[in-house]
Amino acid sequence: MNFKASVIAEFLKGEIVGNPDAEVNNVSKIEDGQPGTIAFLGNPKYEKYVYETRATILLVNKDFKPEKEISPTLIKVDNAYESFASLLELYQQGKPQKTGIRPLSSIDESVKIGENVYVGEYSVIEQGAKIGNNVKIYPQVYIGDGVEIGEGSILYPGVKVYEGCKIGRNCVFHSGTIIGADGFGFAPSANNDYKKIPQIGIVIIEDFVEIGANCCVDRATMGATIIRKGVKLDNLIQVAHNVEIGENTVMAAQTGIAGSAKIGKNNMFGGQVAINGHIKIGDNVKIGAQSGVLSDVKDGEMLQGSSAIPFKNFWKSHVIFTKLPEMRQQLNQLEREFKDLKKSMP
Amino acid sequence: MNFKASVIAEFLKGEIVGNPDAEVNNVSKIEDGQPGTIAFLGNPKYEKYVYETRATILLVNKDFKPEKEISPTLIKVDNAYESFASLLELYQQGKPQKTGIRPLSSIDESVKIGENVYVGEYSVIEQGAKIGNNVKIYPQVYIGDGVEIGEGSILYPGVKVYEGCKIGRNCVFHSGTIIGADGFGFAPSANNDYKKIPQIGIVIIEDFVEIGANCCVDRATMGATIIRKGVKLDNLIQVAHNVEIGENTVMAAQTGIAGSAKIGKNNMFGGQVAINGHIKIGDNVKIGAQSGVLSDVKDGEMLQGSSAIPFKNFWKSHVIFTKLPEMRQQLNQLEREFKDLKKSMP
Amino acid sequence: MNFKASVIAEFLKGEIVGNPDAEVNNVSKIEDGQPGTIAFLGNPKYEKYVYETRATILLVNKDFKPEKEISPTLIKVDNAYESFASLLELYQQGKPQKTGIRPLSSIDESVKIGENVYVGEYSVIEQGAKIGNNVKIYPQVYIGDGVEIGEGSILYPGVKVYEGCKIGRNCVFHSGTIIGADGFGFAPSANNDYKKIPQIGIVIIEDFVEIGANCCVDRATMGATIIRKGVKLDNLIQVAHNVEIGENTVMAAQTGIAGSAKIGKNNMFGGQVAINGHIKIGDNVKIGAQSGVLSDVKDGEMLQGSSAIPFKNFWKSHVIFTKLPEMRQQLNQLEREFKDLKKSMP
Numbered sequence: 001m002n003f004k005a006s007v008i009a010e011f012l013k014g015e016i017v018g019n020p021d022a023e024v025n026n027v028s029k030i031e032d033g034q035p036g037t038i039a040f041l042g043n044p045k046y047e048k049y050v051y052e053t054r055a056t057i058l059l060v061n062k063d064f065k066p067e068k069e070i071s072p073t074l075i076k077v078d079n080a081y082e083s084f085a086s087l088l089e090l091y092q093q094g095k096p097q098k099t100g101i102r103p104l105s106s107i108d109e110s111v112k113i114g115e116n117v118y119v120g121e122y123s124v125i126e127q128g129a130k131i132g133n134n135v136k137i138y139p140q141v142y143i144g145d146g147v148e149i150g151e152g153s154i155l156y157p158g159v160k161v162y163e164g165c166k167i168g169r170n171c172v173f174h175s176g177t178i179i180g181a182d183g184f185g186f187a188p189s190a191n192n193d194y195k196k197i198p199q200i201g202i203v204i205i206e207d208f209v210e211i212g213a214n215c216c217v218d219r220a221t222m223g224a225t226i227i228r229k230g231v232k233l234d235n236l237i238q239v240a241h242n243v244e245i246g247e248n249t250v251m252a253a254q255t256g257i258a259g260s261a262k263i264g265k266n267n268m269f270g271g272q273v274a275i276n277g278h279i280k281i282g283d284n285v286k287i288g289a290q291s292g293v294l295s296d297v298k299d300g301e302m303l304q305g306s307s308a309i310p311f312k313n314f315w316k317s318h319v320i321f322t323k324l325p326e327m328r329q330q331l332n333q334l335e336r337e338f339k340d341l342k343k344s345m346p
Numbered sequence: 001m002n003f004k005a006s007v008i009a010e011f012l013k014g015e016i017v018g019n020p021d022a023e024v025n026n027v028s029k030i031e032d033g034q035p036g037t038i039a040f041l042g043n044p045k046y047e048k049y050v051y052e053t054r055a056t057i058l059l060v061n062k063d064f065k066p067e068k069e070i071s072p073t074l075i076k077v078d079n080a081y082e083s084f085a086s087l088l089e090l091y092q093q094g095k096p097q098k099t100g101i102r103p104l105s106s107i108d109e110s111v112k113i114g115e116n117v118y119v120g121e122y123s124v125i126e127q128g129a130k131i132g133n134n135v136k137i138y139p140q141v142y143i144g145d146g147v148e149i150g151e152g153s154i155l156y157p158g159v160k161v162y163e164g165c166k167i168g169r170n171c172v173f174h175s176g177t178i179i180g181a182d183g184f185g186f187a188p189s190a191n192n193d194y195k196k197i198p199q200i201g202i203v204i205i206e207d208f209v210e211i212g213a214n215c216c217v218d219r220a221t222m223g224a225t226i227i228r229k230g231v232k233l234d235n236l237i238q239v240a241h242n243v244e245i246g247e248n249t250v251m252a253a254q255t256g257i258a259g260s261a262k263i264g265k266n267n268m269f270g271g272q273v274a275i276n277g278h279i280k281i282g283d284n285v286k287i288g289a290q291s292g293v294l295s296d297v298k299d300g301e302m303l304q305g306s307s308a309i310p311f312k313n314f315w316k317s318h319v320i321f322t323k324l325p326e327m328r329q330q331l332n333q334l335e336r337e338f339k340d341l342k343k344s345m346p
Numbered sequence: 001m002n003f004k005a006s007v008i009a010e011f012l013k014g015e016i017v018g019n020p021d022a023e024v025n026n027v028s029k030i031e032d033g034q035p036g037t038i039a040f041l042g043n044p045k046y047e048k049y050v051y052e053t054r055a056t057i058l059l060v061n062k063d064f065k066p067e068k069e070i071s072p073t074l075i076k077v078d079n080a081y082e083s084f085a086s087l088l089e090l091y092q093q094g095k096p097q098k099t100g101i102r103p104l105s106s107i108d109e110s111v112k113i114g115e116n117v118y119v120g121e122y123s124v125i126e127q128g129a130k131i132g133n134n135v136k137i138y139p140q141v142y143i144g145d146g147v148e149i150g151e152g153s154i155l156y157p158g159v160k161v162y163e164g165c166k167i168g169r170n171c172v173f174h175s176g177t178i179i180g181a182d183g184f185g186f187a188p189s190a191n192n193d194y195k196k197i198p199q200i201g202i203v204i205i206e207d208f209v210e211i212g213a214n215c216c217v218d219r220a221t222m223g224a225t226i227i228r229k230g231v232k233l234d235n236l237i238q239v240a241h242n243v244e245i246g247e248n249t250v251m252a253a254q255t256g257i258a259g260s261a262k263i264g265k266n267n268m269f270g271g272q273v274a275i276n277g278h279i280k281i282g283d284n285v286k287i288g289a290q291s292g293v294l295s296d297v298k299d300g301e302m303l304q305g306s307s308a309i310p311f312k313n314f315w316k317s318h319v320i321f322t323k324l325p326e327m328r329q330q331l332n333q334l335e336r337e338f339k340d341l342k343k344s345m346p
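Residue numbers (the numbering used here), protein chains in the order written: chain A, 1 to 346; chain B, 1 to 346; chain C, 1 to 346.
Isolated chain A (complex conformation) (with noise of 0.2 Å):
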């Protein structure tokens, strides 16, 4: 199906800089934009390929000046990414949906079944559970005892959900995550061993967050593991019993918090990190990756390294750090410097 510019430019409160008839059906990266498509520019890293680039039609922030001539044609917009991942959305909801309960499901008769909801195939949802309208469940996914699920949440194959746990309004778990599985409890006895403390808490997971593939979030030994509102999780990231995560803070892949951290929102922590146990930490706080945290961390600090300090006394560290060799080389050099001009004096 093809969209002419201005019909795209009205969609998007947008203003066309050439041909209004141009036409495109499918979107592309700028950098290797084909005809027939639509792209953005929203780095200027990437202004270059605005010269060069062979789609069709060219998303640009309202402010953009060419300074060459240029073969799209433009629509300028306040935030051309912003728009651009409009247009995305427009394009992906027009793809078919899955839509209803499949027969080869197994929906406990006790479960609460919203309006407008799929449930796939070989899903399990156990006894008691209550499941919100429009909420996707693809399939073999397994919702267990009382769990309960908002509105509009999406639970792509495999996702696992333990009892009791609540699932908040328009959440998205992808494939492998695991909600509410054990928190690492465990108390040394006399003789080595361990004894498990059962974990009889649940998670609550708020309104618009999205979990990645694989990740996983243990219950709380008592109370609630607690994701607040909007947070993003990348995947494999383990989130352990007790912990709270803050408003919209997002974690890139595989990093960990271990049990009963607390952390504030607006933060960003990159990929790999390590968050130490019982600790606390303030909001809009940025972790670089691999970093290890251990102690308390105050608003708005910026962290790297394992462990963790200031990432500005970090890099300045790390740069004498290779170059070691030859520091210690001076030291030595100036000793002994030192040492034959004490001997040279009377």
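Please keep in mind that the hints were generated in silico from the structure rather than gathered at the bench. Note that this is a predicted model, so its numbers are computed, not measured. Check before you lean on any hint, since a few could be wrong.
Identical chains blur together in the list; that is why a pair holds if it fits in one copy or across any two.
[What the hints assert, rightly or not] Under the rule of at most 25 Å between Cα atoms (straight-line distance), these lysine-lysine pairs were calculated in the BS3-like manner:
(1) Lys95 - Lys112
(2) Lys112 - Lys166
(3) Lys98 - Lys130
(4) Lys323 - Lys312
(5) Lys112 - Lys98
(6) Lys76 - Lys45
(7) Lys98 - Lys166
(8) Lys196 - Lys13
(9) Lys95 - Lys136
(10) Lys229 - Lys195
(11) Lys29 - Lys196
Got chain A sorted already, so can you dock chains B and C onto it with the hints?
Quick look at chains B and C alone, frame taken from chain A:
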């Protein structure tokens, strides 16, 4: 259901200080204890909450003496933490249990199944497998050809056990854990590609082993990857082919053990630790989070860092690392002064 | 079933030294070889076991000359390791194979399935998918809309492939691996929350790729995440959206590649490595375990550390890191002596 302090004290063989008729119907953490709940004081750091908690009953160690007046009824026991764990266990055992072989499962007719076994929906048990008494196999589990699972073990939804692996008694495997996938074995060939080495060994897991969610324990090339009695693994842990992990060793999340490493008993590994292949780690070893261990480790060592060195040495060096800019400045300053002095000399 | 040394030697085109009628019925490692088994000497470090092993037959390289008397019959071949791998393969091929489309699977009527395909219980194959000849799909696998899987590929229990992804020939994916989940793409909006960028690209995996258990390969935002021919990934690896991994590159467990990184061919990455987004790694690169790579890497480089620097430099600096306390003491001592000297001068 309500329980009186007197009944709980009798069950725990504890001594009541306060009202023996005080009643509770749930458990809580001391720091957010509510009326009608029982909490415990384990960590002395939490003692201040003894004087603030609204919990009705509090478990404490025998030797605990309050410094001020307190409101909850105390039950004094030998080990408050362990006693509390016993109560949690009792609480959990009171919940309805899954039972029976569900008709929506697929069990080969050659499979030997013990008494009182639960097999959930869409689980598959292949030819020649043996399932002991009281085993619980939740939905969507895969049990390969000839697998043996000992009495009382629990496999949560979605666990996969490849053919031939042997699981002991009273083990617990959480969702998404994969036992017995092929070890990572490839022989380089002349034209830069790799020839797969078939992995024809198995995995042996002894009794009382608990493995968290989304872990991987690879089968051996030949022989067996072995996890000894009482080992506890957190989530997202990698155990490569031909590894052996000794009794009662515990590992935190996202740790990885490379091929053929031999790990001793009673060890404690932090999260995101990496253990090199083909090395030998002794007993009673502690390895801090994010450490990387390249070579053999003796009994009782405590290591930190990547690559790891003795714990104390690491922290002494790390402190200086954070001050390297000042140290270099000090060195440069000294050098300058030395040169000035030399110049000024006759 | 027993095999004579003469038969094995003929199959491997090897030369017998010893008893051509020696018989074996199983394989073993040289260090724990038992009578009736065949083992091999690969790594010269294991040579001492040649004189101790109880294995009946031993594969060795053509140029191997025993220094003492030995008991096993030798078969001399060009490459003992590769020959042994061929035997293991033969051994494995002799096992019963899974076959047939199980009635307890769910396959959309539009799906095109080749000859001699196995589809296990509770697997789902969605609309428009194409499955090549000799493909093995174990139980509980999910194959999304329009997915293509080339001849001879194997998907172990519980693998999930999201819609539209293309898998080549002779690939192997182990249990729990997720192909084509959404990339981690969110645009920050004004009020600190995030707007999801729809991920409308796919994953393309070429021929002879093996991926371990519980890995994640995300779909591209647009275009494709690409894994080239012959790549081997261990377990729990993260491959983000729009990454490209070149031919025959191998990565050890728990490594993570951030978005849009381009990785060359014939690389070897250790475990728990982190690769930054949007960077370019050349060919024949080696990256040590737990390293973090922030910027482009040239062909043939060997890196270590977080952030990574050339291998040799890292180890030189690391040795000094472990001795920083002594170095600071040396500096302080020198400074003191210098000041004393200065003071003592007229």
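Consistency of the hints with the structure:
1. Lys95 - Lys112: between (28 Å within a copy, 21 Å between copies)
2. Lys112 - Lys166: Within. Shortest intra-copy distance 14 Å satisfies the 25 Å Cα cut-off; inter-copy 38 Å does not.
3. Lys98 - Lys130: both (20 Å within a copy, 19 Å between copies)
4. Lys323 - Lys312: both (17 Å within a copy, 12 Å between copies)
5. Lys112 - Lys98: Answer is both: 20 Å inside a copy and 20 Å across each meet the 25 Å cutoff.
6. Lys76 - Lys45: within (18 Å within a copy, 60 Å between copies)
7. Lys98 - Lys166: Answer is both; intra-copy 23 Å and inter-copy 21 Å each pass.
8. Lys196 - Lys13: Between. Shortest inter-copy distance 20 Å satisfies the 25 Å Cα cut-off; intra-copy 59 Å does not.
9. Lys95 - Lys136: Close inside one copy (15 Å), not across copies (29 Å); limit 25 Å.
10. Lys229 - Lys195: Answer is between: at 13 Å across copies they meet the 25 Å cutoff, but 35 Å inside does not.
11. Lys29 - Lys196: Only across copies: Lys29 and Lys196 sit 17 Å apart there, 52 Å inside one copy, limit 25 Å.
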